[in-house]
Amino acid sequence: MKSIGVILIAFGIGIIIAGILRGYVSDTISLDSYVESSRPVKILEGIWSPRKVYLNIKVYGGRADILLYSNGAVLKIWNNTFGFIDRVDIASRSYSYLLIIPHTKINRISHKVTFYGVEKDVLINGFIIMFTGIIVYIVSSIRKKSSLFAIILFILFGSISNFYASPNWFNPGVYAKYKARLEDGFILFNNNTIIRGNWSVYIYWECIEVVNDDIARLFINITLVGLDNTSPTFSCTDYALLNISSRKVFHGNREVV
Amino acid sequence: MEILKIFRLEYDNTWNSKVIGIFFSILSAAYIYSLKSSATILMTDIYAIYLFEALQGYMASSIVLVVFVSYIFSKSISRQISSGLIKTWLGFPIKRKHLLISKFVLGYTLLLIGEIMPIIYSGFIYGFHIGILIVLFAIILKLFFYTSYSMFFCLMIRDVLASFAGSLLSLYVVESFPMFLHTLGFDDIANIVDINNIALGLYKVLNAKKWFDTFLETNLWLTIIIYLGVSILLLLSSIQIFRKMDLD
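Chains A and B, in that order, give the protein sequences. At position 157 of the first sequence (counting the first as 1) the number is 157 in this note's numbering, and the numbers step up by one without a gap. At position 140 of the second sequence (counting the first as 1) the number is 140 in this note's numbering, and the numbers step up by one without a gap.
Rather than coming from a laboratory, the hints here were simulated on the basis of the structure. One or more of the hints may lead you astray.
As the list claims (entries may be wrong) - Just so you have them, the derived chain A footprint on chain B, three or more residues with Cβ under 8 Å:
#, stretch
1, 21-27
2, 113-122
Claimed, not checked - To give an idea of the chain A side of the interface with chain B (calculated C-beta under 8 Å), a few residues:
#, residue
3, Phe11
4, Trp48
5, Phe115
Owing to the predicted nature of the structure, the values given are computational and were not obtained by experimental measurement. The beta-carbon is built from N, C-alpha and C at its ideal position, and this holds for glycine as well.
Given the sequences, and given the hints that come with them, work out the whole structure.
Below, the structure written as structure tokens:
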């Protein structure tokens, strides 16, 4: 097991060295292509390396909208242009291309594309393999298996809330409905008015969008139906932000739950 | 069980954490560094590009491999014979041929793992396809030849330094011999004796409609038979030499 750990560490270091050395070399692709067309043209189609890219694109004969597609999504748009010089950062190794949509008939496209900087995935993979090797080495060095069991339990208990609180099904469209009975309860309004009464409370929330890995926007509706003549029926609707991993809900920068 | 003990001893004596670490990191760095196309845009025919890249990769790693094969077998065989350590090993209830085979198997396996790991990693960059299997086949054969040759050489020359330098130089000569033949104009013979042609030849065969005819036309079978035959012959000769070797 120790040997496997050493092999993984060495292999990871090798990948990191290769990644750094590759990062020092900048590679340029330049081409002049004649495309007598008023229809959209795809250029530089292929799997792009996750590095920084210097783009120098020129369109001859007319203006065009130029879109950079990466991994099925538009990464950047240059509207109504004869060409541009720009830098973009490709996040992951994926199928990408430049789509040129001419406004009028164009006759020539020239491009000079330079890739520079380190490839993020190569470095990340190197570090992952190296750390896996370190863990394998440490685990195999532990003589008492009971302490190993304790470490695993400790790691599991430490991270179980993260596993539990970050469900991958939490996507737009997910909703929940709750019903509760509030008997002889109080409601405090912003203007310090207090109403006392009996209500059936209906709470509905729906995930509208997942802003990033941690934050989601929720649509919330709370309806209180009065159960007697003294208890008014009213409803309120608003949006709130939910931290998916900690499950804290924020409304207007204030933590509410 | 005795074989496992021998593997353990061989690993501790010849291979150790330092050697393994240096070997794996240099080899993987050399291989992955040489896969240059993936640093920009991989165009449409990834299969063909990968093969050419992988060829460059294993050409680059060949020099590292030659150095390590020579070092490992000079340390495992020449040094242990010259220092008399091998006699202690024979104190185990194990036959001489089994001892030599276990040394060969461990050396070959670890060297092969060292070569396979960057190839598998390159699959994550280029995608997994038959090109990887072609390169793997070529490397398995090439390494089999290297190791059996180096073991034979180290058994013949028992001096540690001489066996290391001799094995290194002679393997370098084997590597550059096809190029020498090309310069002399013997292109057909050069193509047959060039072990690095196997990967490209297999690519050509697999892309052909009548693949068996192409396999025969390219003389690829001849290259495979030559290297496989020579390697097995060297391995058997090494076993015979070691069995009858006077270790006193």
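Here's how the hints hold up against the structure:
1. Residue count for the stretch 21-27 of chain B with a Cβ under 8 Å from a Cβ of chain A: 7. That meets the three needed, and the coverage hint holds.
2. Closer than 8 Å: that is the beta-carbon criterion, and the stretch 113-122 of chain B has 4 residues meeting it against chain A, so the requirement of 3 holds.
3. This hint holds: Phe11 of chain A has a C-beta 5 Å from the nearest C-beta of chain B, less than the 8 Å allowed.
4. The closest approach between the C-beta of Trp48 of chain A and any C-beta of chain B is roughly 5 Å, which is under the 8 Å cut-off, so the hint is satisfied.
5. Residue-level restraint check for Phe115 of chain A holds (minimum Cβ-Cβ distance to chain B is 5 Å; threshold 8 Å).
Checked against the numbered hints given earlier, this structure breaks none of them.
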